[in-house]
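S.K.: One letter stands for each residue in the lines below.
2 protein chains.
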Amino acid sequence: MKKYQLMAPGPTPVPSEVLLAMAQPIIHHRTPQYEALFIEVRAALKKLFQTSAEVVPLACSGTGAMEAAVVNTLSAGDRVVVVRAGKFGDRWLELAKAYGLEVIDLSAPFGQTVDAGRLAEALKSHPEAKAVLVQHSETSTGVLHDVRAYAAATRQHDAILVVDAVSSLGIADLPMDAWGIDLVISGSQKGLMLPPGLGFCALNEKAWRKTKTSTLPKFYFSLADELKYVAKNEVRFTPAVSIMVGLREALRLIEAEGLADVFKRHDRLARATRAGAEALGLELFARATPSPAVTAVVSPKGVDSEKIVAAYSQSHNITIAGGQGEMKGKLFRLGHMGYAAEFDVINALAALEQVLADIGQPVDFGSSVRAAQKIFTEKS
Amino acid sequence: MKKYQLMAPGPTPVPSEVLLAMAQPIIHHRTPQYEALFIEVRAALKKLFQTSAEVVPLACSGTGAMEAAVVNTLSAGDRVVVVRAGKFGDRWLELAKAYGLEVIDLSAPFGQTVDAGRLAEALKSHPEAKAVLVQHSETSTGVLHDVRAYAAATRQHDAILVVDAVSSLGIADLPMDAWGIDLVISGSQKGLMLPPGLGFCALNEKAWRKTKTSTLPKFYFSLADELKYVAKNEVRFTPAVSIMVGLREALRLIEAEGLADVFKRHDRLARATRAGAEALGLELFARATPSPAVTAVVSPKGVDSEKIVAAYSQSHNITIAGGQGEMKGKLFRLGHMGYAAEFDVINALAALEQVLADIGQPVDFGSSVRAAQKIFTEKS
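Here the protein sequences come in this chain order: A and B.
Okay, so the first sequence: first residue is 20 according to our numbering, each after it adds one.
Okay, so the second sequence: first residue is 20 according to our numbering, each after it adds one.
Source of the hints: derived by calculation from the structure; they are not laboratory data.
Source: prediction; values computed, not measured.
Where is the CB? At the ideal position from N, CA and C, for every residue including glycine.
Incorrect hints may have been included.
[Stated by the list, open to error] Some, not all, of what chain B presents toward chain A, calculated at C-beta under 7 Å:
1. Pro44
2. Ile45
3. Ala78
4. Cys79
5. Pro214
6. Phe238
Please take these sequences and the hints and turn them into a complete structure.
M.R.: Here's what the structure looks like:
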């Protein structure tokens, strides 16, 4: 028997408490029970997003929330800046094109980031830009973009800064109000430790103002309409009830651990994973601030990374992920987000050593585990 | 202790087998396990929709699937016929307006239906119409519209017939191919006995052809893009994994019972509910073919139906629903769909007798139960 372990960069494992809460008989969404649930969730989401703004939940996955951000704040022909250096950055570009937006494309190679200075210049040259679309954590490359600096660069302009925090919410510190981020979107299946199927949009006043002039057509994702219901602790359409029930449990777990400690845990897991990989002589893919959610590792020379992913699964029953898009075959990614703890990383590194040895790479057994333990035993 | 019973017209109870399947550790959606699941689900969905067409699952609730039907087949300024006689019919109208469509509005009062002859005439007068948007079962009124006749009226025209089968799929017979329905949408939380959060769209060839000329903007809901993934047993964006796992179990339950018997069961539950209500001297709201999913009952003279809904909940821990929109306060609705069986109806009727007596209505105790039993003991 091999115990199943999910260490992909999302979806992440769901704690038993949450799974069992969701396995309870389903409740109706127009009842006092659901209202009580929503009141608690509404308040806890604001804390998690570190904002006084409303966080609007939607029955969709993260990409649906990205789409909601676009169709609620923009109009066809609007100019937007897309900051991209990975597959999810590319998704902003595809979305912008699908909705007839004029794109100022600020791209960097996968694994790198876009300097905030480039954004500042682009906005100076294009003061008519209506939005800047970026990721916080780019899941495909394991890079954390400096959205704090992007916010500073955007603040004095008419444009709003829209941050995809799908793989950073509840993982990396992202104080929406303090940093002045106008619109944060996220999903349920990463830091929130839930199954996929819920998206979130949080808009500050500047972003809500943009919804008043936006003419892109919308109905299911209309945030202004949904907000009227949220304000009454109600929901416009049938919500993803079971995941909302799980959300309450997950938010309680985060509250109990403390948000600052949640961030510290992810940082420690990420540093240990990187140290472990480097101890094995492997190269990290991130050429900028690495994400605390996921570590992308370059496959050893001549080794197709899909072989490593397959060996993890077949020999050890551990699900990790390979490279996406142009990075397919070139890197593998270890997720350490959400319901992830120190010994998950120890397992993943021990497995990595065995996988590498199995495909004929020289391995000093225990070396990556030792490097991780050094991080875990640091006095903080 | 009062045992909790959910008898609203959706979401419906979820069988324990399905709840427990969904409570298993979450799997990743780009793995052989998910592919195997999807292969099974894909085939079973075609049987359920009674079609050889692909059924495309989407991470959204039923309204999202309605929107997907509209944005994938139509263009701004297109003329569409909206057939409506209830709150969900109104939703087609709102959707059509949100997307800049020109509406030919065929409405009937709540509780009634629109004769297929009116549709035939409208299409004759407006051969340029691109789509007819209807419900099969109108959840807000408990009426089943004659979509078979609508399909016959639509067939010789350019328009496609789009049927919202959210509260009829797996409840009332709806042979998509045999009746020539072009596009069927549905959701997970009714006949499929699942939590809400999955939508479905099934398009025949005529409907897929419309997607080639449609210019309404779309991304998250782009069915042509999603179809490319479905054909490879893959998914374009992160799916609602846990509900998909539940879907496999639910489809197995439906297969084991047999689709014809599933329809018979719903018909029997509906007839028993209606007979029970009538035995108490109550008036049924449906002035046309009643839906096998839900029975809408007119509140006794002078009684606010919200009082009945509240008494069901407070005195008996049974969740039913009141009237929606203009029918608020005037009717109450008993759902008997999905994971619903004979003794659920017996309970609901026994509770109804007690609720009515509590609010001072004259009640012959046992009379509605007896009427239901007469249906249940019929030789079929």
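S.K.: Run every hint past the structure and note whether it holds.
M.R.: Results of checking the hints against the structure:
With a cut of 7 Å, the hint placing Pro44 of chain B at the interface with chain A holds, because the nearest CB-to-CB distance is about 6 Å. Residue-level restraint check for Ile45 of chain B holds (minimum Cβ-Cβ distance to chain A is 5 Å; threshold 7 Å). Satisfaction of the interface hint for Ala78 of chain B is found here, the shortest Cβ-Cβ separation to chain A being roughly 5 Å, below the 7 Å cut-off. Restraint check, Cys79 of chain B versus chain A: the minimum CB separation of about 5 Å is within 7 Å; hint holds.
Restraint check, Pro214 of chain B versus chain A: the minimum CB separation of about 4 Å is within 7 Å; hint holds. Annotation: Phe238 of chain B was flagged as interfacial toward chain A, and the flag holds, the nearest CB pair being 4 Å apart, inside 7 Å.
In this structure, none of the earlier numbered hints is contradicted; all agree with it.
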